[in-house]
Amino acid sequence: MDPLQLVWLVPGLPLIGFLFQAFFGKAIVAKLGDAAGKKVLGFAAVLPVFAGFAITLILWANLPTNTETRAVVATLFDWLSINDIHPLKVPFEFLIDPLSIVMCMIVTGVGGLIHLYATGYMADDKDYPRFFTYFNLFIVFMLTLVLANNLVLMFVGWEGVGLCSYLLIGFWYKNVANAKAANKAFIVNRIGDWGFMLGIFLVFAVFNSVSFYPSGHNLDRSILMEAADRLTNNPGLPMVANPALWIPLLLFVGAMGKSAQGPLYLWLPDAMAGPTPVSALIHAATMVTAGVFMVCRLHIFFELSQIAMLVVACVGAFTAFFAATIAFGQFDIKRVLAYSTVSQLGYMFLACGVGAFGSGMFHVVTHSFFKALLFLGSGAVILAMSHEQDMRKYGNLSKYLPITYRTMFWGWLAIAGIPPLAGFWSKDEILSHTYASGFLHGQGMAVFLYSVGLITAVMTAGYMTRMMKMTFLQTDERWRKLPEPHHHELGPQHEPHEVGRAMTTPLIILALLSIVGGAALAIGPHLFETFTHPSIGLSLMKPTELPGGTEALLIGLSIAGAVIGLVLALRNYKTQPADQGLGVPVRGWRALAEKQWGYDGAMYRTFVTGGGNFATLVWRWIDAGIIDKVLVNGIAKLIETVGVLLRPFQSGFVRGYAFTMLIGVVAIIGWVFLKAVVR
Amino acid sequence: MVPLSGYLTLSAILFTIGVIGVIIKRNPIVVFMCIELMLNAVNLTFLAFARYHPAPLAHDLAGRTEVYLAGQMYVVFVMAVAAAEVAVGLGIIMAIFRLRKKVDVDDMNILRG
Amino acid sequence: MDITQMPILTILIFLPVAFAVILAVVPKSMLPAIRGLALAACILDFIACIPLYFQFDATRFQFQFVEHHAWMQNLGISYHLGIDGLSLFLVQLTCFLGILSVWFSYYVKDRVKEYMIFMLLLQAGMIGVFCALDLVLFYIFWEAMLIPMYFLIGIWGGDNRRYAAIKFFLYTFAGSIFMLLAVIGLYVSYQQVTGQASFDLVSMQKLAANGELIRDTGLQFWLFLAFAVAFAIKVPMFPFHTWLPDAHVEAPTAGSVILAGVLLKMGTYGFFRFCMPLFPDMAMRFVPIIIVMSVIAIIYGAIVAAVQTDVKKLVAYSSVSHLGFCTLGLFSLNAIGMTGAMLQQINHGLSTGALFLLVGMIYERRHTRMFSDFGGLKAKMPVYAAMFLIVMLSSVGLPSLNGFIGEFYVLLGTYQTAVRGLYGTSLWMIVVAAGGVVLAAVYLLWMFQKMFYGPVTNPKNEELKDIKMFEKVILAAIIVFIFWIGLYPGTFTDKMMVSVHALRLQVTESPHFRPVWDDPSQVVQPNGDMEMGGGEIKTAQSQPVDRE
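Here the protein sequences come in this chain order: A, B and C. The opening residue of the first sequence carries number 1 in the working numbering; numbering runs sequentially from there. The opening residue of the second sequence carries number 1 in the working numbering; numbering runs sequentially from there. The opening residue of the third sequence carries number 1 in the working numbering; numbering runs sequentially from there.
Okay, chain A solo, but in the shape it has when bound (with noise of 0.2 angstroms):
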């Protein structure tokens, strides 16, 4: 049997993993009893994901090695097929090549650490066997998005991540603001996701196809030089002036909705409402990428609209750039992280908008590392301080966690960008390379683009350093000036302790993984960049040079960048009131930065509240106002009006009517007689 078949187990064995969670889970628990019954289920959620990983690398190893052939599509089955002047097949087919083999490490490598964390942090809740059957199930799902050769497989993943955010946003379902968080992300989402399904209809309506590669066929320039010659050579669509302008655009809409960009990025942060895995595991290192991925793995479409490329930058670098200002005034740790996430993803898009595709892919992956690590991380602390999540109640707790705080502070150096661990080497790739986008975007807007990502480089730093100094740092305990608790709440008397072995152990790894993964695939024989050939190296743009010394130039400022951050964040933050403790007003623009610039309010007032207020008025003024009053029940009461007038003609008196007939004869017969006579 060829090896690449196993790529169906690799979702496969998940898939399995939740039915089983999802049938057998609370019987298990019934009849094993709480601990050992979790103890089994942990078991077997974590156990299909790592499975996979193992897949994954047998995948690797049995890859061509021919880098024109390195892209092997495997079909399941034929799932939808309709025969039609332009016919559409949609096979189940899953594509191997570097790219999907390196999303599908992390989602099944990381995602199996944040596995195995979960079943630590959950150990408590009750619903321990719905937790891991939504977790498995978006493994499921995720895998299939990654693996998918054809877009509408990828929107099946797309949206089921989605499905498996909201179930998992809203876990914890008692809680009404969960459920409303949770509602915010699916329908957010769904924005996104009716602008990628035009895209997808567009590029069916270009190519006649939903599939990236056919199959059995070689990666090499003429497939994209076929593609870009259907593209720009209009085909025949009278009603679209300029498809190499739309497609990117549409697609880019789905992206901006999972990856939480520009003007969709509102519903990331509502999503710290799930338990803290899941924002590690779907929020922060495999979900919220899917964008850049699906970006990367259609790079083709993108690079052959310039106006499409300029968008693609400008809203990665605004959104890096304004979610990093909203970090600062945040003081819940998992808003912090998700806002940080938000404007790390917003360097991803950066990336793919300059053209350097793989220098964000590569971001994607250093920053799974690092953002999965300070999640858990956070996590810790949380259940650690009695689920309380604001840093103005913690402090000093280096002390208390020590294992959580050596692995978070490398997470913290590695996303301020210090060398040589793994953040440094993917933003600094960003930034050179946004820096020599001239050739795309004009040197003018190359520069600026360079700035704002520079500026956004010492914002991450400081903001970091900010939340690392309000948790660990600083030496006052602050939850020891909190008033007596009522319930489990976080109190004076609280001693926080070290989380056990089953999360310690995945925060170690993914801290190692922090330290050295960048360099590891960066430097040398810049492993990543010719790994992920042809997926994404192969290109039909031919981007400038830099001169070495330009390039020494970059990489000095960036680390600059990070370190003024780092050391402006130390010295000011020790002197930040608000920071201090509860109770002391947020002032300046960091007032307005905790309530995101106002943006959010202002979207809830127009879509929520206004948008309820429309539907009101549109069903009571116009369904049951003119269609329904004045219309149908119009109609009757005409009728029934008219009756009213003839009704005094109906007297009841037989007299009456014989009467009436009588009159009527005399008048008929005297008109005959009068005809008679005038004849």
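There could be a bad hint or two in this list.
One-sided excerpt, in silico: chain A residues whose CB lies under 7 angstroms from chain C [stated by the list, open to error]: (1) Asp84; (2) Val156; (3) Arg190; (4) Ala205; (5) Val240; (6) Glu484; (7) Ala615.
Derived by calculation from the structure, the hints in this document are not laboratory data. From a predicted model like this one, the values you see are computed outputs, not experimental measurements. Note that beta-carbon positions come from the ideal geometry of N, C-alpha and C, so glycine has one too.
Keeping the supplied structure of chain A fixed, place chains B and C upon it in accordance with the hints.
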């Protein structure tokens, strides 16, 4: 021999009496009698015309001669219908009488719209 | 067993009638016997309709399982039954939902005998509508099925049942009058052209394909409009929809299931069985109008659904939105879109039927349907919540469930038409229609949140128990199909394909495409792509038709 116009005049007088009776009388039995009067006035007309202007002889498909007695036929029909009507009508009047203990057409207007 | 030799369609129609007659003589007090007999009738009916799928020849667009008997010969009225790939699944859906709704009617405690008799007569009428190939026969079934539905709403309905029942009846009847006029118009026209009296649909379609049925464009316009109004009321399309929320809300649960699952499909069925093949020119001309109306229905139904306070009303308005997709796809005049419309009909029958069952289950326990009375039910009824979730997601159109396939085909197909600017369509219509998918998520997720999330706020809900076994089985039966269609729609679309192509060709390629219904040797290419050479089609029968 009495001329046709004589029968017709008598018929018209009877009919008019009937009409006036129906309109002005309050006792339903009398109203019924007046209706009978009107019907018989019409019967008289039928018979008079049938006698003075008999239908022409006709031949059926087989060539046999047929005699039409259309006028007389109608009279039989009218008498049958009148009898049925009286039966139903009197039944209704009896029912009303049982219900109200008196019969006066001016009191019967439950079908008013 | 070769059922093509048996009058299988007659059996399907009159088996429930026979059981209704038996029920009529069973004493009122024997409740288990009454329920058992009714359920047995539906199960037998369903068993009888299963072989239809297997014996249906998917390579032929001609009507199959045809029964043709003279009835009122001097008027040209015949007893003519038959199904094609388009009505096959509607018949099966009717039988399937019949079982579930009669089974669920276990909760009906009042005048059970009459109720079951009406349910059985309703089923007979509905199957008859989908099988009738004679205009008069069709009209008789169409009206006959109104009566039991009227009584089901009017007797076993909610508080405002009389208003709802009369509104439902008059609305539909007003449409039927137009249809009757159009039927007579067609009859007269047919007689003028051929000199023969006939109400036979197949003969008329044959003539219409030649463009000879009605030569006068004005008359065509009015007859098409009369049919279209009758069917638009039934679907219901946008301005004619206000009977639906009332009827749905007031009807007993089983009535709502049948109403949503089957009755609404009669509207779309009418469109593709009568409006489109009989008036190809008009159908093409009306494409922009109907598409705009469908888009309005999609968006409008979703917007209004979002602010309902009654669960059932929300589901009712969602039907308006979902049926908008059906008419949209149907008039995309594109095989993908039309297949989507056919599939969407089934999907809507399953998902919305299941939603009404779900609402009925909670109503039987709490005797309320107001959102404000619920909240936090997930803690009390986990299995119910999970099944509700799946059905809700199917209605949202989540990929890998059935709703997505239908909506995707419809939107893709319409997009194909619109992007090429065919038949006067334009792209913004489809862009807006796709927005309906977003709105569907808005109101359905809101519904789910209101019912299931949050703490249990109403003390009356504290005592709630999870659903019973037979309810689980009913829902599971639907959920199986929800996944089946979502994961492998080919089972269903393959049987429809050729019929869809024939329908499309009848409209768009008229008068080049001349289907010869009574000759099985005429074939439509499976890819729907007619081989045309010099205006001639290389189908076996084009020559003889030309000579006529």
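Outcome of the hint check:
1. Asp84: holds (4 angstroms)
2. Val156: OK, holds: A/Val156 within 7 angstroms of chain C, min 4 angstroms.
3. Arg190: This interface hint holds because 5 angstroms falls under the 7 angstroms limit.
4. Ala205: holds (5 angstroms)
5. Val240: Constraint on A/Val240 satisfied, holds at 6 angstroms.
6. Glu484: Since the shortest Cβ distance to chain C is 25 angstroms, the answer is violated.
7. Ala615: Status holds, d = 4 angstroms.
In the structure shown, a violation is registered for the earlier hint numbered 6 alone.
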